[in-house]
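Numbering-wise (my numbering), the sequence shown opens with residue 40 and increments by one.
Please keep in mind that the hints were generated in silico from the structure rather than gathered at the bench. Take these hints with a grain of salt, some might be off.
In silico DSS-like cross-links for lysine-lysine, where the CA-CA straight-line distance does not exceed 25 angstroms [said to hold, decoys possible]:
#1 K254 with K137
#2 K54 with K137
#3 K187 with K137
#4 K187 with K254
#5 K104 with K73
#6 K73 with K54
#7 K254 with K73
#8 K54 with K187
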Amino acid sequence: MAELHIAPDDLISIKGKTVLITGCSSGIGNATLKLCHQLGAKIIAGDLTPLSDDLINTQNIFFAKTDVTDWHSIRALFISGHHRFGQIDHVFANAGIKPTRTFLDDTLDADGLLAPPDLATINVNFLGVINTVRLAMYYLRQGNANPKFRSIVLSASASAFQNFPAPDYCTAKHGVVGLLHGLTGNSALRINAIAPSWTASGIVIREVLETLGAKVQDAEVVARSVLKLFVDVDRHGEMLYSWNGRFFEINKANGGLLDSAARLLPDTVSEDEIMTRLVGITTAMERKRTINGF
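Model the full structure from these sequences, guided by the hints.
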């Protein structure tokens with residue numbers, strides 16, 4: 040894996056850009072908002088919990104109460120934010136909640152039958168990301184900007200590529216990585232992800248983790264990786280893993296996820312290449328049918 044060093048000067052080109060962040064009232068999202076604001080960006084901020092007064096009354100921050108699982112709510116954030124600032128340059132799909140303890144338990148309903156699983160974590164951490172990405176791809180295409188100067192950053196997790204005993208949370212984060220892989224080859228917009236290890240946030244309690252021997256990094260550390268993916272126009276389809284203040288690209292790098300998968304699979308035409316060809320053939324056939332009128 041390739042280790043990255045992120046210097047303060049690497050991030051200054053975020054100045055003047057408009058960034059939309061979901062899940063911005065605490066943790067990594069809040070740290071990213073503050074860093075963007077400090078460096079002169081304009082921010083469209085969405086969360087169910089309001090920002091602190093010192094941030095919500097700031098000229099270059101637009102906040103709206105937002106539920107990422109509700110299409111009308113998240114769409115309203117994009118509409119209002121775009122109207123306020125005139126454009127959106129980068130989107131951080133970050134809103135997330137902690138795992139539930141009842142996902143696969145034996146809870147019974149009022150009739151004494153097994154109740155359905157609690158999908159709250161999957162709804163927020165994965166379906167909320169899908170809602171955000173759909174809107175991001177629409178609004179980032181507005182205007183005449185070169186698409187490489189606009190980007191989406193997805194909030195994945197170190198739990199997305201290893202065993203992790205929280206099945207709903209782990210499933211959602213695996214889904215985010217799948218979304219990254221599914222979109223990378225089909226979008227002129229840059230799409231990347233972060234995958235932080237243990238980070239002080241609204242989801243984890245730092246003191247408890249440290250007593251268990253875990254290395255816990257500050258949310259401000261992870262925020263730097265988000266901005267790096269925003270401003271570095273050469274990064275597309277990458278995933279930055281952060282651990283104890285260090286950064287590694289783990290998706291496209293030698294020894295990363297894609298490289299390791301390629302080494303394990305038979306030496307044949309990849310699924311990605313076959314799917315790309317298939318889409319091309321199908322599109323051509325549909326175009327021919329349209330021209331011929333059947």
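Checked hints:
1. K254 with K137: holds, 19 angstroms
2. K54 with K137: Given that 25 angstroms is the threshold and the Cα spacing comes to 32 angstroms, the pair is violated.
3. K187 with K137: violated, 33 angstroms
4. K187 with K254: violated, 35 angstroms
5. K104 with K73: Given that 25 angstroms is the threshold and the Cα spacing comes to 18 angstroms, the pair holds.
6. K73 with K54: holds, 13 angstroms
7. K254 with K73: holds, 23 angstroms
8. K54 with K187: Roughly 17 angstroms between the alpha carbons, so the hint for K54 and K187 holds.
Hint violations for this structure: numbers 2, 3, 4, all remaining hints satisfied.
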